[in-house]
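Peer 1: Residue-level listing of the chains:
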Amino acid sequence: MRPLRVMLSLVFAVLLLSSAAVVWGAPRLQDGGAAPQVVQTDPALNGKFYIHDDISFYFDQIMDHDSVEAAFSVEPSVKGRFSWRNANTEQEEQASAVVFIPDEYLDRSTTYTFTIGPGAQSVEGVPLAQPFTLELKTGMFGKHLDYMAIGYAVIALILGGLVVWLALRFQALRREEQLMDQMEAEDRAAGGDRVAAAVGAVEAQARPAAAAPGVTDMVAPSERGRNTPDGM
Amino acid sequence: MMYSAQRTRMLRGLTYASIGLLALALLMNFFYVGPEKLQGEVQRIFYVHLGSFTGAFIAFGAALFAGIAYLRTRNPKWDTLGLASVEVGLGFSIMMIITGMAWARPIWNTWWTWDPRLTSVTIMWLAYAAYMMLRGGIEDPERRRRFAAAYGIIAFASVLFTIIIIRIRPDTIHPVVAGPTKADPTGGFDVTPRIRNTLFFNLFTFSMIACTLIWYRIRLENMSERVLRRKLQVLSD
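Same order as they appear, the protein sequences are chains R and D. Heads up: the first sequence runs through residues 1 to 232, numbered per the working numbering. Heads up: the second sequence runs through residues 1 to 237, numbered per the working numbering.
Simulated from the structure, these hints should not be mistaken for lab results. The reader is advised that the hints may include incorrect statements.
What the hints assert, rightly or not - With a straight-line cut-off of 27 Å between C-alpha atoms, the simulated DSS-like cross-links for lysine-lysine are:
#, chain 1, residue 1, chain 2, residue 2
1, R, 48, D, 231
2, R, 137, R, 48
3, D, 37, R, 137
4, R, 79, D, 37
Computed from a predicted model, the values in this text were never measured in an experiment.
Given only the sequences and the hints, what does the whole structure look like? Please build it.
Peer 2: Structure (structure tokens):
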């Protein structure tokens, strides 16, 4: 029983300590008095940053909107507006996160430096401990480029397939038509007596090649094999 | 049937116009309009997805018209139009379904779900696939044309069903770009001017491509029949 009790106590202690660590370590709003700081951004540093993205800054205190907006700058310069949020309350004046929404798409493959200067203050009037700077580089394209490529590949494949199928069918039918044109022309040239021509061709083929050189050349190529289905 | 030079010139002109418009539409899709703010680049599929549906709608609409015209006149040329339209419509429907799946994967996190719209599209595709099977299963040409015409008219109900389903079912997750829905009875078309221009240009382009392909398919069918007749004639001589 003793080892079991020890083990259970150990498990309980570990659970207690880890829970305390999670609670203690979780980002939370300060009570005031302490200098506010940016605890998180979205996109994060070195995270994926698309040309159509907004940029969010999360503070550990409820902030004074005017001072934060005045202390905010972007290099190269980008026009935009601000939106304030707080995960815990609907009231905008209680917001601890500011979202910068650019008016237009950002430039591709460009590094932007977002700075919140020391003029930014909490609602208590305490300024930032130190200026906050975030460098992000936009990608060449927006998100989900791979799925867009799949969509357009499908269009190209099916539309192209339809066109190629039509073209091949036309070509095959034209070949058949030309063959029949040729046969009819040869019939007319031979006076329409195709039976005699066919008999002549059979006789010519039956003769030894040496005895009648070039005889088969007198028979129209299309007449050869005319009576077989393959000849059509 | 021999075609007049004027008609052939018209078809050639339509072909060049379709190719040119498609090239322009692709340029607009990739360079004129930007990626959508929330969906990113994958939203560019929307233009060809809706364009494909428009192509399919025109083709199936032509099959409906051909069916009515055949039953009224009994002229086989309407049957040829019906067959050509359904084949082209099936091609455009496949494009619409697969581009929709490519869009759904990143946005809905699944390639396919039995949403009312997706289910109705499947029914529509199967209904027209059955049209082809019906034709293949009837030997007598006159009977085949009559049945195909009647079926082409009935099958169009599946197209209408597909259009209205997202407007009457509150549980669909498929977006409604324009028109009234359960959630927004007055309807709306709230997009940026660039998206609107690009969308309408694509709809026009895909409509023209569908018409061109249907015309070629009619010529192919006529040519096929002509070759068959000549074959029979030569064999009977």
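Peer 1: Each of the hints needs a verdict: does it hold here or not?
Peer 2: Each hint tested on the structure:
{"no.": "1", "hint": "R:48 / D:231", "in the structure": "violated, 65 Å"}
{"no.": "2", "hint": "R:137 / R:48", "in the structure": "holds, 8 Å"}
{"no.": "3", "hint": "D:37 / R:137", "in the structure": "holds, 17 Å"}
{"no.": "4", "hint": "R:79 / D:37", "in the structure": "holds, 16 Å"}
Hint check: a violation occurs at hint 1 only; the rest are consistent with the structure.
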